[in-house]
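Colleague: Protein sequences, first through last, are from chains A and B.
Mapping the first sequence onto this note's numbering, position 49 (from 1) lands on 127, and the numbers just tick up by one.
Mapping the second sequence onto this note's numbering, position 80 (from 1) lands on 295, and the numbers just tick up by one.
No lab work stands behind these hints: they were computed from the structure.
Among the hints, a few may not be true.
[What the hints assert, rightly or not] In silico lysine-lysine, DSS-like type, Cα no more than 25 Å apart, as pairs:
#1 A:Lys131 - A:Lys121
#2 B:Lys256 - A:Lys121
#3 B:Lys256 - A:Lys221
#4 A:Lys128 - B:Lys256
#5 B:Lys256 - A:Lys226
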Amino acid sequence: MTDRDAEFVEFVQARGVALRRTAFLLCGDWHRAEDLVQAALIKLFKSWHKIQKDGSVDAYARQVLVRTTIDESRRFWRRRERASDELPEVAVPAVSSEEALDLRRALAQLPARQRAVVVLRFWEDLSVEEVASLLGCAQGTVKSQASKGLAALRRVLADQRDYSVLEVQR
Amino acid sequence: MSHEELTDMDEYAEARAMLGRALGEEPTMNFHPTSVLAAAKRSVARGRAWAAGGIAAGVVVIGIGGAALASPFGAAEVPPAGGVTTTSTVPSTITVSPTETSRPTIPTTPPATTRPPVTSTQTTTSPGKPDPTTSRPVPTTTRPAPTTTSLPATTR
Numbered sequence: 079m080t081d082r083d084a085e086f087v088e089f090v091q092a093r094g095v096a097l098r099r100t101a102f103l104l105c106g107d108w109h110r111a112e113d114l115v116q117a118a119l120i121k122l123f124k125s126w127h128k129i130q131k132d133g134s135v136d137a138y139a140r141q142v143l144v145r146t147t148i149d150e151s152r153r154f155w156r157r158r159e160r161a162s163d164e165l166p167e168v169a170v171p172a173v174s175s176e177e178a179l180d181l182r183r184a185l186a187q188l189p190a191r192q193r194a195v196v197v198l199r200f201w202e203d204l205s206v207e208e209v210a211s212l213l214g215c216a217q218g219t220v221k222s223q224a225s226k227g228l229a230a231l232r233r234v235l236a237d238q239r240d241y242s243v244l245e246v247q248r
Numbered sequence: 216m217s218h219e220e221l222t223d224m225d226e227y228a229e230a231r232a233m234l235g236r237a238l239g240e241e242p243t244m245n246f247h248p249t250s251v252l253a254a255a256k257r258s259v260a261r262g263r264a265w266a267a268g269g270i271a272a273g274v275v276v277i278g279i280g281g282a283a284l285a286s287p288f289g290a291a292e293v294p295p296a297g298g299v300t301t302t303s304t305v306p307s308t309i310t311v312s313p314t315e316t317s318r319p320t321i322p323t324t325p326p327a328t329t330r331p332p333v334t335s336t337q338t339t340t341s342p343g344k345p346d347p348t349t350s351r352p353v354p355t356t357t358r359p360a361p362t363t364t365s366l367p368a369t370t371r
């Protein structure tokens, strides 16, 4: 194994879990999140030398992941599930909390770009400038998209809570 | 700390907490770093193979095109462009005769051939009268009417 391979494996071990969480928040499916992370890491490996010279491997990996997710969400033929002969080694927990499911549904209702702004701004803890440069848009756009996305999340959650309260009362 | 900053922090913390709760129970990682590395290497090799194939195809196309421009394929077997007309006898007569016959007819008709007969008829019809009109053939040639006037002179 060369030095480049060793460094790459080390990076995947260190940042793979965090990247998968971000990918999950962006797409809402753990298996698809893994596929997206792998695709992003393969793209990262292709330009590993160039990125290491710049010294911003983490930022580049995040950028590739977000763009891959947005590109895939735009595809006409995107596949949410892949048929395979073998079952996955570890199954996704079937029962999640009700609130988590509501939050995932609320996130899924946001447009892909708005969801990316919300995740990068509030989950990845990036500044407005960093999000703007990553997504290639103006800082004002990031601010407005973040506030709109958050408001939409609150609204959807409030509606779902009202609905669940009504269901309980019945 | 201002009120706006506090509200921003509250909003930020609320959003982060919401996203954290959305993760829920997280499954274990299903892929291994070495498998990702192997997939990445395969992808790189595939890309290089495509690039090499594209370059080879381009070189072949350029080579064939250059060879075709430099020396056309089967050039020795193809007859020259003008060879067919020179060997046959028919084209020589066709090409020569129209140019010679067409050219003399156009300039010779007006002046030389028409005037002498007109003057000769006038001299024969009126020998006794050396009129000044005989010296001038111009009105007789230009107008067809003088030929009709010469007929009464013969009847006399």
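Colleague: A separate judgement is required for each hint: does it hold in the structure or not?
Modeller: To see whether the hints hold, each was checked on the structure:
no.: 1; hint: A:Lys131 - A:Lys121; result: holds, 16 Å
no.: 2; hint: B:Lys256 - A:Lys121; result: holds, 11 Å
no.: 3; hint: B:Lys256 - A:Lys221; result: violated, 39 Å
no.: 4; hint: A:Lys128 - B:Lys256; result: holds, 17 Å
no.: 5; hint: B:Lys256 - A:Lys226; result: violated, 41 Å
Of the numbered hints given earlier, the model fails hints 3, 5; all others are met.
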